[in-house]
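With these hints in hand, go ahead and build the complete structure from the sequences.
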Amino acid sequence: MQLNGMILTFPKEIKLLIAAFILVLSVGFYSGLLFVGETSTVNPNGIEEQYLGNENNEDATVMKFKKSEQEMLTLVHNHILSMSIIFFLVGLILSTTKLNKSLKMFLIIEPFLSVILTFGGLYLLWTGLLWMKYVVILSGILMTLTFTVS
Numbered sequence: 000m001q002l003n004g005m006i007l008t009f010p011k012e013i014k015l016l017i018a019a020f021i022l023v024l025s026v027g028f029y030s031g032l033l034f035v036g037e038t039s040t041v042n043p044n045g046i047e048e049q050y051l052g053n054e055n056n057e058d059a060t061v062m063k064f065k066k067s068e069q070e071m072l073t074l075v076h077n078h079i080l081s082m083s084i085i086f087f088l089v090g091l092i093l094s095t096t097k098l099n100k101s102l103k104m105f106l107i108i109e110p111f112l113s114v115i116l117t118f119g120g121l122y123l124l125w126t127g128l129l130w131m132k133y134v135v136i137l138s139g140i141l142m143t144l145t146f147t148v149s
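Counted from 1, the sequence shown has number 100 at position 101 by numbering that gives the first Met the number 0; the numbering is strictly sequential.
Mixed in with the good hints, there may be bad ones.
Claimed, not checked - Only pairs whose alpha carbons sit at most 25 Å apart, straight line, appear in this in silico BS3-like list of lysine-lysine:
(1) Lys11 / Lys66
(2) Lys14 / Lys97
(3) Lys14 / Lys100
(4) Lys97 / Lys11
Stated by the list, open to error - Here are the in silico distance ranges between beta carbons for each label pair:
(5) Ala18 / Thr60: 38 to 48 Å
(6) Asn55 / Val148: 37 to 47 Å
(7) Asn42 / Leu22: 36 to 46 Å
(8) Ile13 / Ser67: 37 to 47 Å
(9) Leu32 / Gly119: 11 to 21 Å
(10) Leu137 / Val23: 25 to 35 Å
No lab work stands behind these hints: they were computed from the structure. Don't be surprised by glycine CBs; every beta carbon is placed ideally from N, CA and C.
Okay, here's the thing in structure tokens:
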């Protein structure tokens, strides 16, 4: 079956459904980024403090405590499941567009790697691998760029 460019042949109702889905999904995705910005200051030390706490930092203006294992497992579980569904659906839609095949394959596959690196990285950061905060930042940026381009 030839999928490349098939989106152009979809009935108007399906195109509108896809447009509405992508619009609402984008609002949810980018509001999630706003939440990240509010809770972790989007820098390596802010991410570390968000999950490992800052109770030893006397200069902290807001006291944060280390997340429990249950909180971390819930966060990782929920984000990996929900984001895999999001990127699966976006990938299905993207597969029907008329794009360069290599670019399309990258945009379809890369977010799944970034989801694992971002949220698995948060868990590994929580366990004490402090350098994972840099992996989390890079994979989170790449995931966001891929979503935006897609």
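(message) A range of 38 to 48 Å was offered for this pair. Does it hold for the Cβ distance of Ala18 and Thr60?
(response) holds, 43 Å
(request) Take the C-alpha atoms of Lys14 and Lys97, compute the straight-line distance between them, and say whether it is at most 25 Å. (result) With Cα atoms ~15 Å apart, Lys14 and Lys97 stay inside 25 Å; holds.
(request) Can you let me know if the beta-carbon spacing of Ile13 and Ser67 is within 37 to 47 Å? (result) holds, 44 Å
(message) Tell me if the beta carbons of Leu32 and Gly119 are separated by a distance inside 11 to 21 Å.
(response) holds, 19 Å
(request) Would you check the hint for Lys14 and Lys100, treating anything up to 25 Å between C-alpha atoms as holding? (result) holds, 22 Å
(request) Return holds or violated for the Cβ distance of Asn55 and Val148 against the range 37 to 47 Å. (result) holds, 40 Å
(message) Lys11 and Lys66 were given as a pair; does the straight-line alpha-carbon distance stay at or below 25 Å?
(response) Not satisfied, since the Cα-Cα distance of roughly 47 Å exceeds 25 Å.
(message) Taking 36 to 46 Å as the stated bounds, is the beta-carbon spacing between Asn42 and Leu22 within them?
(response) violated, 30 Å
(request) Take a look at whether the Cβ-Cβ distance between Leu137 and Val23 falls inside 25 to 35 Å. (result) holds, 28 Å
(message) So if I understand the rule, the pair passes when the alpha-carbon distance is 25 Å or less; does Lys97 with Lys11 pass?
(response) holds, 17 Å
When the structure is compared with the earlier hints, violations turn up for hints 1, 7 and for no others.
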